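> In order, the protein sequences belong to chains A and B. Going by this note's numbering, the first residue of the first sequence is number 37, and it counts up by one from there. Going by this note's numbering, the first residue of the second sequence is number 37, and it counts up by one from there.
Source of the hints: derived by calculation from the structure; they are not laboratory data. The structure presented is a predicted model; accordingly, all values stated were derived computationally and were not measured. Keep in mind that a hint or two might mislead.
To be verified - Straight-line Cα separation of at most 20 Å, SDA-like style, residue types lysine to any residue; simulated pairs:
(1) Lys116/B to Asn48/B
(2) Lys116/A to Glu312/B
(3) Lys38/A to Gln75/A
(4) Lys138/A to Glu304/B
(5) Lys138/A to Lys38/B
(6) Lys297/A to Lys138/B
(7) Lys38/B to Leu165/B
(8) Lys227/B to Leu165/B
(9) Lys240/B to Ala222/B
(10) Lys171/A to His201/A
(11) Lys291/A to Ser341/A
(12) Lys171/A to Lys116/A
(13) Lys116/B to Lys171/A
(14) Lys108/A to Gln75/A
(15) Lys297/B to Glu249/A
(16) Lys116/A to Ser44/A
(17) Lys116/B to Ile342/A
(18) Lys138/A to Ser144/B
(19) Lys108/B to Ile335/A
(20) Lys108/B to Lys116/A
(21) Lys138/B to Lys171/A
(22) Lys138/A to Asp264/B
(23) Lys347/B to Glu289/B
(24) Lys297/A to Glu304/B
(25) Lys116/A to Lys116/B
Protein chains: 2
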Amino acid sequence: MKCSFNKSDILNGINIVSKAVPVRTTMTILECILITADQERICLTANDMELGIETEVTGFVETPGCLAIDAKLFSEIIRKLPESLVTIDADEDDHVEIRCEKSVFHISGKDGVEFPALPQISKDRSISLSQFTLKEMIRQTIFSIAQSDSNKMMNGECLEVQGDHVRLTSLDGHRISLRSVMLGQAFQDEKVIIPGKTLSEVSKILTGDQDSEVSLYFTSNTVLFAFDQTIVVSRLVEGEYFRIDQMMTTDYEIKLQVSKKEMLECLERSLLLVRENDKKPLILDIRDDEMNLSMNSSIGALQESIPIQKKGPDLMIAFNPRFMLDALRVIDEETVTLYMINSKAPCFIRDEEGSYIYLILPVNFSTAR
Amino acid sequence: MKCSFNKSDILNGINIVSKAVPVRTTMTILECILITADQERICLTANDMELGIETEVTGFVETPGCLAIDAKLFSEIIRKLPESLVTIDADEDDHVEIRCEKSVFHISGKDGVEFPALPQISKDRSISLSQFTLKEMIRQTIFSIAQSDSNKMMNGECLEVQGDHVRLTSLDGHRISLRSVMLGQAFQDEKVIIPGKTLSEVSKILTGDQDSEVSLYFTSNTVLFAFDQTIVVSRLVEGEYFRIDQMMTTDYEIKLQVSKKEMLECLERSLLLVRENDKKPLILDIRDDEMNLSMNSSIGALQESIPIQKKGPDLMIAFNPRFMLDALRVIDEETVTLYMINSKAPCFIRDEEGSYIYLILPVNFSTAR
């Protein structure tokens, strides 16, 4: 195989597919990036067997072929080359020469035939939306997937299509994050659970452009994201997702509006008094036009009051400040609305249109002091 | 003690003195920042017993006194407060209230009297130079102090004053870095060894301003740096420094000039093939108007050629590319001049005026392949 690229083109391709190179693996071939060059196109591929990424790179093919090169070394070498034409030339024994101006690297490659191919996905079940929308939906929900491996379903997010609506939901047993967006047209209904890692890597590669589209194709056990010159293929999590709608009451006793910035900064300050992995509650004493927030820990104490607009009775309720903070951080509005029933029932942070809902369970604060 | 500050003033002071707070210590009082407030001024102090920093902070004293607060918590709290007036109020039992707008923190302080005072330094032996010059001299030599603790002297740098010249030297057994600068006036001769950590922390605090001065005061076992509102006091390393001048020959057989950028980039590329802690030599094959550089390792091989201007015979010589790279990185000139004698003798990188000299020992490359 012999082909040439502009350094910036090949580097861009490497940066995209590298996200599917596993950090640890027993199959050394997976630590490689596969280059496939035929007369029509040049592709880079990486695959950790759960997640695979393939991207097309502009370049000139002199001799078609395929070749696998250690991803880390390949990426480092290309990054350090001058901004010029890069030629990659591999002989039959997979000895690789990488040449750029007066630099010549010789490294060992691997036979590209050993590299596991990405699965072929049929394209009859699909949706399309803007890259911006998908990137935002992921950012606004990914933080509340469960971190432990005990429940695979909680490590993923549920993506549901109903007519012209798409909804992305994550939950970890203490909170639920939900974003819902209207699509430009109606699609066939879908309900799949996508691994959190897949969504997180996809969101890093998406340019977030309002005018560029991303298409999702579904089979019973895989999802494929296609956008720009790239496809990302991932396994789905198997199983029936939690029944979210049953938990999403719109009843409330207390509705309060507060400045997001003021509350966010107070939450950040309260966390200074909580050691990592500690679960100290932040107590909210909600009365009339003021919310008093207090945190007590072995490190110290914080009291603070924030002006609010409230409908309904006074209430004393406590939360894990981290969970409140995570939700407020991804809300774009300057004023947020909190809905509560009593000190034992979940608090909802949502807008009028239901485009976002953050459910956070309160914590018992009789045990707090 | 009770006093008030603008958040930005107290935060700036904390950031300065924090550099002398030890990461690990058995004396918990040293993990604190000392606040000393009398009618005239407010000072913050930190002290790890080797290095002490004191800085004056603008503020208003309501009740004079002194108080020690855990540096990490203090810094985190102040950083997260609104940009407003911060009031610190401590009672006789060192319970501390930190108040800013509607936030009130309560934390425990420590009795300031327990905090070890900085040594008093007599001010009869001194030099002055611009902050910019000192900061640059440190940056340009600090990288070649020894990292291991086996020789205290190699962990420090030798600062020598001779008339109106100041010279800063570091060495680690494989290389010597030397910067020399002319001062605006003559001072009393000095020769001291300053710990590398002190110089590194001082250089972080120096603004690097051309027009601001820094004064150094010497005693037999301490040095004090005074600049802006800050003083840094440090122990000196005891002993007689290595006889540098004996090693600094100006004889040479080969003089070659090369583009710093081209050589630097080639050195960076060659290091991609060297694993951390590995000592693979980069072989320089110097002939006529070209230098061929080659690196061979278990990872791969690199060949590269760079145009040069040479006087003297051809030469084959090898170096640890890291040492070459460190020196070239801190030279500002676009073209550097290398002086060599043979493949066993040190290479000198220096300018005509002797304002910088980097000596690098070659490595044996008969064992290289």
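> Quick one: which hint numbers does this structure break? Sort them smallest to largest.
5, 7, 9, 12, 13, 14, 15, 18, 20, 21, 22, 24, 25
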